[in-house]
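Q: All residue numbers for the sequence shown refer to the working numbering, where the first residue is 1139 and numbers rise by one.
Hints were generated in silico from the structure; no laboratory data involved. As the structure is a prediction and not an experimental result, all values here were calculated from the model. Idealized CB from N, CA, C, for every residue including glycine. Errors might be hidden in some of the hints.
Restricting the straight-line Cα-Cα distance to at most 27 Å, the calculated cross-link-like pairs of lysine-lysine (BS3-like) are [unchecked claim]:
1) 1341 <-> 1318
2) 1341 <-> 1143
3) 1209 <-> 1341
The following label-pair restraints were derived from C-beta to C-beta distances [stated by the list, open to error]:
4) 1273 <-> 1161: 25 to 35 Å
5) 1351 <-> 1141: 19 to 29 Å
6) 1371 <-> 1213: 21 to 31 Å
7) 1406 <-> 1209: 25 to 35 Å
8) 1234 <-> 1154: 12 to 22 Å
9) 1216 <-> 1301: 19 to 29 Å
10) 1384 <-> 1227: 21 to 31 Å
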Amino acid sequence: NRRLKAFRAFITLTRPNQWYKNLLIIVPAVFSQSMFKLDLWPSLIASFASACLTSGANYILNDIRDLERDKKHPIKRLRPLPSNLISIRTAAILSILTASTGFTIAYCVNLNVLICMIMLFLNTQIYSFTLKDYALLDVADVSLNYVIRAIAGAYAISVPISPWLIVGIFSLALLLSFGKRVGEILELGDNAETHRKALKYYKKIQIRRGLFIVSFLVIVVYTIYSINVHGIGFALTIPLITYLVAFYTNTVWRNTAVANNPSELFKQWKFTSVFVIWLISVFTLLYLL
């Protein structure tokens, strides 16, 4: 069916496999002990939907901009635009409609959430047009988008924006961003710098050091947060986070699928088991004790 094919191509353009990043909107609700306040959930769900649509619009614009480059990429050439499943004109119209819908939903939540979504959209475009070609600035700018999502979640339910929220999310996002650079370097090999200018400044040994430093930063930030904000009980979850971070940093060097899409980690039972234990521990400490 032609229409069904076109619809599937449109959905693929918006990258639903990347929407898990927008779950950061829920993080402020979890750590402000507001998860079970049912009246807040309509705002959270609407904000999540808005972020998915805004991100989707960005992905479409990025694919339009990188069309010629993506045609030479071993995996990206299979996307709807490089493979000619959707025309550039159609993709541009879909991007405008998707962004407009996302902004409208955000405005229905509140003005601050709308501002966050506009910032998310603009910052991604700044990255695409300039900062993606500058080493370190590229990972810092991508990481800022994660923080914007979390701040939107705080505004959605009107809770204070904690400095720990910003520092914690930013450091975790840096880790994932460095991991993605590892995946790109391993996947593209000698052709890495022709695909993305910034990659010529990332050497394997530098990336390894960067990944180690940021991994250490994530663990330190989580440790200080746990002890200072929640006390000794919460500190018992530190070994779990340490294991999860170490597992990730070790895996990205062996599995480019994980580097490019961290949600692939949940296909590995060891990681998933420890993550679930951490999740249960956090919920128990925050909501039951």
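Q: Find the hints from earlier in the document that the structure breaks and name them by number, from lowest to highest.
A: Those not satisfied are hints 2, 5, 6, 9, 10.
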